[in-house]
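Undergrad: Protein chains in written order, with UniProt numbering: chain A, 1 to 409; chain B, 1 to 409; chain C, 1 to 409; chain D, 1 to 409.
Since the hints were derived computationally from the structure, they do not count as laboratory data. Every value quoted in this text rests on a predicted model; they were computed, and no experiment measured them. The beta-carbon is built from N, C-alpha and C at its ideal position, and this holds for glycine as well. Watch out, some of these pointers could steer you wrong.
[Stated by the list, open to error] Per label pair, the in silico range of CB-to-CB distance:
id: 1; chain 1: A; residue 1: P2; chain 2: B; residue 2: G392; range: 44 to 50 Å
id: 2; chain 1: D; residue 1: K318; chain 2: C; residue 2: A284; range: 37 to 43 Å
id: 3; chain 1: B; residue 1: K35; chain 2: A; residue 2: A391; range: 32 to 38 Å
id: 4; chain 1: A; residue 1: S389; chain 2: D; residue 2: R181; range: 55 to 61 Å
id: 5; chain 1: C; residue 1: T379; chain 2: B; residue 2: T33; range: 46 to 52 Å
id: 6; chain 1: D; residue 1: G37; chain 2: C; residue 2: N54; range: 48 to 54 Å
id: 7; chain 1: D; residue 1: F384; chain 2: A; residue 2: E315; range: 49 to 55 Å
id: 8; chain 1: A; residue 1: I172; chain 2: B; residue 2: D130; range: 51 to 57 Å
[What the hints assert, rightly or not] The calculated DSS-like cross-link candidates involving lysine-lysine, where the alpha carbons are at most 25 Å apart (straight line), are:
id: 9; chain 1: A; residue 1: K280; chain 2: B; residue 2: K341
id: 10; chain 1: C; residue 1: K341; chain 2: D; residue 2: K280
id: 11; chain 1: D; residue 1: K137; chain 2: A; residue 2: K35
id: 12; chain 1: D; residue 1: K97; chain 2: C; residue 2: K280
id: 13; chain 1: B; residue 1: K341; chain 2: A; residue 2: K340
id: 14; chain 1: B; residue 1: K206; chain 2: A; residue 2: K289
id: 15; chain 1: B; residue 1: K234; chain 2: A; residue 2: K285
id: 16; chain 1: D; residue 1: K234; chain 2: C; residue 2: K340
id: 17; chain 1: A; residue 1: K97; chain 2: D; residue 2: K97
id: 18; chain 1: B; residue 1: K289; chain 2: A; residue 2: K285
id: 19; chain 1: D; residue 1: K97; chain 2: D; residue 2: K340
id: 20; chain 1: C; residue 1: K285; chain 2: D; residue 2: K395
id: 21; chain 1: C; residue 1: K340; chain 2: D; residue 2: K340
id: 22; chain 1: B; residue 1: K340; chain 2: A; residue 2: K294
id: 23; chain 1: B; residue 1: K234; chain 2: A; residue 2: K341
id: 24; chain 1: A; residue 1: K395; chain 2: B; residue 2: K341
id: 25; chain 1: C; residue 1: K285; chain 2: D; residue 2: K340
id: 26; chain 1: D; residue 1: K234; chain 2: A; residue 2: K380
id: 27; chain 1: C; residue 1: K380; chain 2: D; residue 2: K7
id: 28; chain 1: A; residue 1: K340; chain 2: B; residue 2: K289
id: 29; chain 1: A; residue 1: K285; chain 2: B; residue 2: K395
There are 4 protein chains.
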Amino acid sequence: MPETLIKVDLSQSAYDNDMVHNRWHPDIPMVATVKPGADFIVETYDWTGGFIKNNDSADDVRDIDLSIVHFLSGPIGVEGAEPGDLLVVDLLDIGAKPESQWGFNGFFSKKNGGGFLTEHFPQAQKSIWDFEGMFTKSRHIPGVRFPGLIHPGLIGCLPDPKLLATWNEREIAFVNTDPERVPALGTVPFGPTAHMGRLTGEARDKAAAEGARTVPPREHGGNCDIKDLSRGSKIYFPVYVPGAGLSMGDLHFSQGDGEITFCGAIEMAGWVHLKVDLIKDGMAKYGIKNPIFKPSPITPQYDDYLIFEGISVDEWGKQHYLDVHVAYRQACLNAIEYLKKFGYSGAQAYSILGTAPVQGHISGVVDIPNACATLWIPTKIFEFDINPSAAGPTKFLDGSIQMPLSPDL
Amino acid sequence: MPETLIKVDLSQSAYDNDMVHNRWHPDIPMVATVKPGADFIVETYDWTGGFIKNNDSADDVRDIDLSIVHFLSGPIGVEGAEPGDLLVVDLLDIGAKPESQWGFNGFFSKKNGGGFLTEHFPQAQKSIWDFEGMFTKSRHIPGVRFPGLIHPGLIGCLPDPKLLATWNEREIAFVNTDPERVPALGTVPFGPTAHMGRLTGEARDKAAAEGARTVPPREHGGNCDIKDLSRGSKIYFPVYVPGAGLSMGDLHFSQGDGEITFCGAIEMAGWVHLKVDLIKDGMAKYGIKNPIFKPSPITPQYDDYLIFEGISVDEWGKQHYLDVHVAYRQACLNAIEYLKKFGYSGAQAYSILGTAPVQGHISGVVDIPNACATLWIPTKIFEFDINPSAAGPTKFLDGSIQMPLSPDL
Amino acid sequence: MPETLIKVDLSQSAYDNDMVHNRWHPDIPMVATVKPGADFIVETYDWTGGFIKNNDSADDVRDIDLSIVHFLSGPIGVEGAEPGDLLVVDLLDIGAKPESQWGFNGFFSKKNGGGFLTEHFPQAQKSIWDFEGMFTKSRHIPGVRFPGLIHPGLIGCLPDPKLLATWNEREIAFVNTDPERVPALGTVPFGPTAHMGRLTGEARDKAAAEGARTVPPREHGGNCDIKDLSRGSKIYFPVYVPGAGLSMGDLHFSQGDGEITFCGAIEMAGWVHLKVDLIKDGMAKYGIKNPIFKPSPITPQYDDYLIFEGISVDEWGKQHYLDVHVAYRQACLNAIEYLKKFGYSGAQAYSILGTAPVQGHISGVVDIPNACATLWIPTKIFEFDINPSAAGPTKFLDGSIQMPLSPDL
Amino acid sequence: MPETLIKVDLSQSAYDNDMVHNRWHPDIPMVATVKPGADFIVETYDWTGGFIKNNDSADDVRDIDLSIVHFLSGPIGVEGAEPGDLLVVDLLDIGAKPESQWGFNGFFSKKNGGGFLTEHFPQAQKSIWDFEGMFTKSRHIPGVRFPGLIHPGLIGCLPDPKLLATWNEREIAFVNTDPERVPALGTVPFGPTAHMGRLTGEARDKAAAEGARTVPPREHGGNCDIKDLSRGSKIYFPVYVPGAGLSMGDLHFSQGDGEITFCGAIEMAGWVHLKVDLIKDGMAKYGIKNPIFKPSPITPQYDDYLIFEGISVDEWGKQHYLDVHVAYRQACLNAIEYLKKFGYSGAQAYSILGTAPVQGHISGVVDIPNACATLWIPTKIFEFDINPSAAGPTKFLDGSIQMPLSPDL
């Protein structure tokens, strides 16, 4: 096996592992350096550093301090990488930690982060997913089982000071347009819970105060939560600092397009086997601003989907202008109503959309004033037939199994 | 062959064919009635009724009066269909008219409709696509050829008076929030160019004055422009009026997710072989608001894509809140910049994204404040290799072939 | 639409159409000539020239004189084609004749041709398959429906005299090793029923007496019955005579690997839209002996199969040496036994294997003394669930519908 | 992680591990017992028990004593399993041993086992394949890289005495029809190198003398070498003895249909995570003779193949009757000639066909006297373009890298 460059001990606090960090800042020191062409392994915590537990209560989902996320492994330096290059990353393989063959999914309370459907599911709920080799199922959501499309929710290179400044200005100004909003409009630098890796002393404190939060995806990639960035894919990342500084974390066993449940996909601790290479001056050569990638040759393939449409008139009848966000929300709500006819609770249906490899397509974005989005559910993930028929739906589930819910305190 | 219920003569004005209409209204008379289980053929004009010609000038794209669209064939009554039912439609096959083996794609002038990237491509341009059996290519865009994923851009059932009223109120109020906007926020009833099928006299005039325009997708489906509603798919439509009243048109030989060029996909005249059936009281049984569908078992399959990311920071650096529309626009702009490195003009690259079976995925919609969207380009549609390499891109095209452009007058 | 070079009138005898022939011979005159790069349409009879009818009796299958087959359309000359070139053929599209939207499948009597399982199904049987756009189903075999993977069973170029002599010597000698065998070991030249196209007089009689029969696939391709040579595929044929002389026929709406029913796939009359081009001296450049091809980008895709294994111990317990033919026969017999548990007759199950897009894989051919072959049945072609379960199979069919059978006279 | 029921130490002789055996016999004691529904892990040696080394000599391939194979892990008992049941096995995951991230492929000398093309490649040759996560490539065969379709070449349940007797009678009689043949017609019981697991003393000696060799696939499955029995698939095995007695081994990282190189696929030591369940009386319920299975939802998917045809006229011009073995050999030989045009040696091309996920289809088996078989090569496994073009092939390889060859002594 190739060398494991970064190890994590799940029984140890992520704050005590100096090869981990939870902010983006150019001053975070490299924890290892590799040559182009090298392949190696990186272990990661789950995005919360182990805060969410494998149990039957959603209290942890309700109570989590979201300023601690995401715990990333890195940064890793690549010899010869210079600003303007493309860092080519092959995700050769990804897996869960052997001692941690499970993951979690949940919705945050509207007061603490919320989610895509927080108006409809305003309270903390959780489901636990057990892994069986390539497959997963949940004791909280019966009747559904599927193979994992394992991927890192978050991966990218360190920003340079200029890019970092752009991010902070842009996002702080934006949050300030409605600073009291719940959930918040964005996340801004917050020193107290920052983990700046091997940076120490004053340098650490200064960087912690200005380090960008890891929540949003940005020009460098970062927290894109693209389910198709899965094991076997190849990614081309912009490089901003000498050595590139590649970090990653937030591994998902599986996720639906949009990661609509926010907390999150099927979140897990694990490892990534990757290989790095360079395209010198690749950003200019190919006109690259954001990362580009090629999908894996090995992914779950489905030939049968049930597809739900949504348009950009919201659930209260209000017209929005070509708003794909609203349209996709309607498609999701339509799917939830449908799945409830088979016996699922709304929360269970919502969780399925957040965890299973459902696709979200931008189907029409020009037919004023309505965008049209589609949600694709692979029918084979269910242990029963969810197709429409003249006879109407059968209630396969009796409601005896429900997801843990923790009301706000 | 099954009966052709509706025929169109492409040499005749669509206004002279009384089995065609271009507005949605419950009073438009059925032009034929079929039994559940029947299969039959419906011919259609292209969406503009033949206004756009197979030539090398974009003047027609610039000059079109968009109040005339879309010319739909129907409505067709289904015996026994009642409000609340689901009309099950099998698209058994779809094709171009034998005498019209070509289609068009274009961008409207910003002053006359615009498009997804109208700020970047504000003037009318056009490309013509010739069909070679299952495949298409364009004399205006070299180096690209692909099989058709043929589908109706627009299909759905007549609204009842209440639903029609909802549409008109909602959209008129919305347009009135910025009535002078260019392009407009929406399309409102407009009698002078209305074609109300077999409705005549005062009833016709009244309906024409209140008939909903066909541009936006709505609760009944309509102009969804979903590329995956292709030949072989099965759709479940809500029924609002006795007899259902199914109409269709706006056939596309191929389209990318989003139909970003707006004028439009690869637009064509053609025919649809379809079969209808009913699920009685299906709307309530399955909790259906918008149509749902199942994809075709026969579609082009690709194993290799180049995927572009975009986030909801717009091209002028402005932050938007989880805005998938903005994120997808960035992904599209990123792809256009990339394709230009191989010798395409920006307009040609834009056209490829509008016509080829590219996928647009909603990848992340919860990581405040940035949505992340991805644009998937199948690499095999190109006659050369567009993958990144250490050597950098090769300019395969010398720019000698360009798309017709017609500046605003 | 492109020009139709060869037309067939299904109400006319194939013998009266001089653009048709049913033997391979270099002297058969070209019926049309095209330039490289041209695309055009060719109509064809079904392989029997209309002998098998759309009715509910298998008498025609029992009584057919097999020396009349296959009626091929051509030969078509390609300007500039010379021996040693590769003729590149794009199958741009293929379809049934509009006036003939059906096909047939059957098993010959063991006394008149037989088939792969003739020891188990020694008498003539037939099923008729109706087309519904892209789909087909049979009134003689309930519960199964699938999209067509349309292809020509037979396509290839004329042999030169030397190749023809090789064929005749090889096959006549082989048949003579057991000339009384029933069914025969092969088919030898037979003048009385030969149709030599536009060849007349003595030249015709001489060629008829030595023209190779069209039954076996050979070096030039010919009657390969490869289901994947479907609409959208691209084939590279060896050229033996100046002008190439491309002929084709024996269209299939669908077929399982092996065409095990022999009479045959779902056989139909129809048309082929094709395009031709040349690779000069391609046979030597690429070391080509038999045709090579690339599959279509549009084919039915299945994600779920039930797969049956067979080994080269025959149904009477006899050991054969790495014999894939025997192994595949066992896999087929195993599948038939399985399908009978759901209510199909053996004959119906056999027909499904001959018509549906089942795959036959050569799985192991080195593990002495047993070859292993696998038969892949796509589960979605059935209207009910054929997967194994702890509960055991359900008899979905009551046996009230059976296939016509015509005992030997 | 689930329990590892059987461990293997690759530094130890397989003969010293009593949870391993290399013959089939009903008396071999179960080494562990599990309940229906249990999942667990089983480690395995490579099929030769470590005889073939990761080096650059083929001496080991030439010199191996083939009577030692295959070293299987098991048998594992399943509580409640009885003769006539079906044992349902889910292959939840499969991988290489962490300390052994490589595999081997080779051709035996014609004098010692041979292979599918032994007449053309009569001497021992070998290639070593290194694993990079999901992918593999060889230092002996440049220009080719592909993801693994990992599977056990051999898996099945113990025979009962009657079935064992049938095997021995059948195969011994067959070998005796030509006992001096090189390579041999089959493998017969051979006590001296038998490893009978935990069986000891006289019982061991008796069983060793009559234990069936593991080379051929048989009614129980066994050495089927079906590449699609991959991680994620589900298999239904006939049960012959109380407790079933499931054994497995001969893991392959990847293999082409037919395993034509015989030594073998990409052979490796590794582990299988599996789950077992029962269908009581399933053999009768479903009419099962040989195992049936369902493929994995996660397999490498290719959209582009180059397909070679072969017919049952052998390479010396001799006619065979519907012989798929001969036809597939011609297709393989045709592919090898083609690949040589790009710079591969014949041996390298042969190895690619044995290791990469090529498909072998039984295309036509009724067109007397010629069978037609097709060999499908996924074009994307190559780092260069192998498609035909008017320009002819490019020699990408200069022949400086060759496979080790060890002439017979």
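Undergrad: Each hint should be assessed against the structure and marked as holding or not.
TA: Here's how the hints hold up against the structure:
Between P2 (chain A) and G392 (chain B) the CB atoms are about 29 Å apart, so this pair departs from the stated range of 44 to 50 Å. Between K318 (chain D) and A284 (chain C) the C-beta distance comes to about 25 Å, which lies outside the given range of 37 to 43 Å. Evaluation of the 32 to 38 Å hint for K35 (chain B) and A391 (chain A) yields a failure: the beta carbon distance comes to about 20 Å. Evaluation of the 55 to 61 Å hint for S389 (chain A) and R181 (chain D) yields a pass: the beta carbon distance comes to about 60 Å.
Between T379 (chain C) and T33 (chain B) the C-beta distance comes to about 37 Å, which lies outside the given range of 46 to 52 Å. A hinted range of 48 to 54 Å holds for the C-beta pair G37 (chain D) and N54 (chain C), which are about 52 Å apart. In this structure the supplied range 49 to 55 Å holds for F384 (chain D) paired with E315 (chain A), their Cβ-Cβ distance being about 53 Å. Remark: the range hint 51 to 57 Å for I172 (chain A) to D130 (chain B) is upheld by a beta-carbon distance near 53 Å.
The suggested pairing of K280 (chain A) with K341 (chain B) holds, with an alpha-carbon distance near 16 Å, which does not exceed 25 Å. With a C-alpha separation of about 16 Å, the suggested pairing of K341 (chain C) with K280 (chain D) holds against the 25 Å cut-off. Taking the CA atoms of K137 (chain D) and K35 (chain A), the gap is about 20 Å. The hint holds against a cut of 25 Å. Between K97 (chain D) and K280 (chain C), the direct Cα distance comes to roughly 51 Å. Violation of the 25 Å bound is thereby established for this hinted pair.
Of the pairs offered as hints, the one joining K341 (chain B) and K340 (chain A) is violated, with about 49 Å between alpha carbons and a cut-off of 25 Å exceeded. Only pairs whose Cα atoms come within 25 Å are accepted, and K206 (chain B) paired with K289 (chain A) is rejected, the gap being roughly 53 Å. A distance of roughly 45 Å separates the Cα atoms of K234 (chain B) and K285 (chain A); the hinted pair therefore is violated under the 25 Å criterion. Proposed proximity of K234 (chain D) and K340 (chain C) is supported: the alpha carbons are some 22 Å apart, at most 25 Å.
The suggested pairing of K97 (chain A) with K97 (chain D) holds, with an alpha-carbon distance near 16 Å, which does not exceed 25 Å. This hinted pair does not check out: K289 (chain B) and K285 (chain A) have alpha carbons roughly 48 Å apart, beyond 25 Å. Between K97 (chain D) and K340 (chain D) the CA atoms are separated by roughly 34 Å; this puts the pair beyond 25 Å, and the hint is violated. Proximity of K285 (chain C) to K395 (chain D) is assessed by CA-CA distance (about 11 Å); at most 25 Å being required, the pair is judged to hold.
A threshold of 25 Å between alpha carbons decides the hint, and for K340 (chain C) with K340 (chain D) the separation of about 48 Å lies outside it, so the pair is violated. With a C-alpha separation of about 19 Å, the suggested pairing of K340 (chain B) with K294 (chain A) holds against the 25 Å cut-off. Taking the CA atoms of K234 (chain B) and K341 (chain A), the gap is about 21 Å. The hint holds against a cut of 25 Å. At roughly 55 Å between alpha-carbon atoms, K395 (chain A) and K341 (chain B) are farther apart than 25 Å, so this suggested pair is violated.
A distance of roughly 11 Å separates the Cα atoms of K285 (chain C) and K340 (chain D); the hinted pair therefore holds under the 25 Å criterion. Only pairs whose Cα atoms come within 25 Å are accepted, and K234 (chain D) paired with K380 (chain A) is accepted, the gap being roughly 15 Å. A C-alpha spacing of about 40 Å is found between K380 (chain C) and K7 (chain D), which places the hinted pair above 25 Å, so the restraint is violated. Between K340 (chain A) and K289 (chain B) the alpha-carbon distance is near 14 Å, which keeps this suggested pair within the 25 Å criterion.
For a cut-off of 25 Å, the pair hint linking K285 (chain A) to K395 (chain B) stands: about 11 Å separates their Cα positions.
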